[in-house]
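Chemist: Okay, here's what each chain looks like letter by letter:
Protein chains: 6
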Amino acid sequence: MPILEMHLMKGRTEEQKCNAAKAVTEALVSSLGVKRESVRILITEHGEHDFFVSGMTMKERSQAQLSAQQSAQQPLNAEGK
Amino acid sequence: MPILEMHLMKGRTEEQKCNAAKAVTEALVSSLGVKRESVRILITEHGEHDFFVSGMTMKERSQAQLSAQQSAQQPLNAEGK
Amino acid sequence: MPILEMHLMKGRTEEQKCNAAKAVTEALVSSLGVKRESVRILITEHGEHDFFVSGMTMKERSQAQLSAQQSAQQPLNAEGK
Amino acid sequence: MPILEMHLMKGRTEEQKCNAAKAVTEALVSSLGVKRESVRILITEHGEHDFFVSGMTMKERSQAQLSAQQSAQQPLNAEGK
Amino acid sequence: MPILEMHLMKGRTEEQKCNAAKAVTEALVSSLGVKRESVRILITEHGEHDFFVSGMTMKERSQAQLSAQQSAQQPLNAEGK
Amino acid sequence: MPILEMHLMKGRTEEQKCNAAKAVTEALVSSLGVKRESVRILITEHGEHDFFVSGMTMKERSQAQLSAQQSAQQPLNAEGK
Chain E
1 MPILEMHLMK
11 GRTEEQKCNA
21 AKAVTEALVS
31 SLGVKRESVR
41 ILITEHGEHD
51 FFVSGMTMKE
61 RSQAQLSAQQ
71 SAQQPLNAEG
81 K
Chain W
1 MPILEMHLMK
11 GRTEEQKCNA
21 AKAVTEALVS
31 SLGVKRESVR
41 ILITEHGEHD
51 FFVSGMTMKE
61 RSQAQLSAQQ
71 SAQQPLNAEG
81 K
Chain P
1 MPILEMHLMK
11 GRTEEQKCNA
21 AKAVTEALVS
31 SLGVKRESVR
41 ILITEHGEHD
51 FFVSGMTMKE
61 RSQAQLSAQQ
71 SAQQPLNAEG
81 K
Chain G
1 MPILEMHLMK
11 GRTEEQKCNA
21 AKAVTEALVS
31 SLGVKRESVR
41 ILITEHGEHD
51 FFVSGMTMKE
61 RSQAQLSAQQ
71 SAQQPLNAEG
81 K
Chain Z
1 MPILEMHLMK
11 GRTEEQKCNA
21 AKAVTEALVS
31 SLGVKRESVR
41 ILITEHGEHD
51 FFVSGMTMKE
61 RSQAQLSAQQ
71 SAQQPLNAEG
81 K
Chain F
1 MPILEMHLMK
11 GRTEEQKCNA
21 AKAVTEALVS
31 SLGVKRESVR
41 ILITEHGEHD
51 FFVSGMTMKE
61 RSQAQLSAQQ
71 SAQQPLNAEG
81 K
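Each protein sequence line maps, in turn, to chains E, W, P, G, Z and F.
Counting with full-length UniProt numbering, you get residues 1 to 81 for the letters of the first sequence.
Counting with full-length UniProt numbering, you get residues 1 to 81 for the letters of the second sequence.
Counting with full-length UniProt numbering, you get residues 1 to 81 for the letters of the third sequence.
Counting with full-length UniProt numbering, you get residues 1 to 81 for the letters of the fourth sequence.
Counting with full-length UniProt numbering, you get residues 1 to 81 for the letters of the fifth sequence.
Counting with full-length UniProt numbering, you get residues 1 to 81 for the letters of the sixth sequence.
Hints may be right or wrong, so weigh each one.
Copies of the same chain are indistinguishable here, so a pair counts whether it falls within one copy or spans any two.
Using 25 angstroms as the maximum straight-line C-alpha spacing, the simulated PhoX-like pairs for lysine-lysine come out as follows [said to hold, decoys possible]:
| # | residue 1 | residue 2 |
| --- | --- | --- |
| 1 | LYS22 | LYS10 |
| 2 | LYS22 | LYS59 |
| 3 | LYS59 | LYS35 |
| 4 | LYS22 | LYS35 |
What the hints contain is simulated information worked out from the structure, not anything from laboratory work.
Here the structure is a predicted model, which means the values were calculated and not measured.
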C-alpha cells in the first residue's frame, strides 16, 4: 500500500500513462513518506459510453452545455431585432 | 458523489448502457435527493471468462443446471417403464 | 451481474440507503431487462477526509467557492462607493 | 458475498482464469464456510502500461533490477583487473 | 499482481480473515503459478445496510423467502380441509 | 475523470490524507493536462487484518522477515565458533 485504481478515459498514449504513474508515485512518496516500492497503480480505461455524469456521456454533456449557452443568448438576439 | 462502478457482462449496445446510466442517475436523484450533476457512473464490462459464480462461468453454470434437471427427471422416466 | 459498487458520503440513514438500493435495482431491471435477483449493490461510505475534488474536501471546496464569490463582488462594491 | 475483484496482468488463457476462479472459490468455501453459490469473482485484466510498481511497468522494473545487478558487479570486475 | 479486492459481510474474526487470505493466496499460487509475494489481498467489509440483492438486505431477503414459502404452503393446507 | 480509488493502511491523520490528495491531484494536472476540478479521489482505509501480502498481514510479514534474517545469521555464528 498505497494501492491505487486509476480510472481514465480511453485515448492516452502509453507515454502519458507512464508519466502519470511516475508523477502520482512521487506525489505519494513525498506526501505520505511511503517507500517507492510500496506504491502500486492499476489503470482502467473507459470508453465514451462507459462514463456518465448527470446520466450523460461527455459528448452529450458538451452538446447540452452548448445548447444551454445558445438558448441563453437567443432572447438577447430576439430583443436586438 | 455518488460515484458508481457498474460491472456488466459484455454485449450491451451503447444505447442500452446510456439508458441504464440515465435510469440509475434518476433513481439516485429521487431516492437520495442528490444533484444530478454529482452522479458519476463508471461501467466496466466483463467477458464470459471474467465472471464466475460458484467458480463457474455463466455458460458452465447453465449447463450444470440443465444437467441437474435432466438427472432429476431420469429416475422418473426409469420408473415410467 | 450487474454488480454495483456505490460510493457515498457518510451520513445517510439505513432507510435512505435501502431506498437508494431499491430504486437503483428497479432502474436496472427496467432499463437492461435483467432479473431482479441478479442485481447486487455494495455500498462503501466515505468520511469528510476521504473524498476530494480538485484536491479539496467538500468543506474546503464550499469555502473556496464562497471566497471566490465574495472577492468577485468586492470590486463592484468598491466601484459603487 | 464474498464478491471478489481480481486484477490480473493480461495474457492468461481462458482455462487458467477458470482454474484460478475455481481454486479461489474452493479456498473461500473451506476457509469461511460460505456457500459455493454465494461466491462471485470478477476478473479485470491490465496491459503492460496499466500496472505500475514504484512508478514503473513490469518491463521497466526488470530492466532497472538488471542494471542494478550489473552495476553492483562492475566494481568487482574493475578490482579484478 | 494478482491484486484482489475481497468484499465480505461484517462479522468475521481476524483469524477467519487471515485464514481466508492464506487459502486464497495458496489457490492463486497453485492455479496461476504466480509468486506468493506478488499476491495482494484487500478486504472491505460491509454492514447489513451496505449490501443488497434484488434491492433487499440479507435480512429482508430471508424474510421474503420465508413469507414466500409460507404462502406457498397455505393453499395446500386450505385444500387439505 | 480521472477518478482514483486510493487504498491506504489505517492510521494517517486527516492532514496527511489532505496532503496526499492535493499532491496526487497536482501530479495528474501536470502529467495529463486534465482540469483540476475533474480529479476525484476516494480514500478507503484498511486495518491490519484487511491487507495481506503473501497471505500475511504486515505484522506477520515483518516477523517472518526477521526470523529469516536470524536463521540466516545463525549458521554463520555456528561456523564462527
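Chemist: Against this structure, judge whether each hint is valid.
Modeler: Each hint, compared with the structure:
no. : hint            : result
1   : LYS22 <-> LYS10 : both (19 angstroms within a copy, 21 angstroms between copies)
2   : LYS22 <-> LYS59 : between (30 angstroms within a copy, 14 angstroms between copies)
3   : LYS59 <-> LYS35 : between (40 angstroms within a copy, 17 angstroms between copies)
4   : LYS22 <-> LYS35 : both (13 angstroms within a copy, 19 angstroms between copies)
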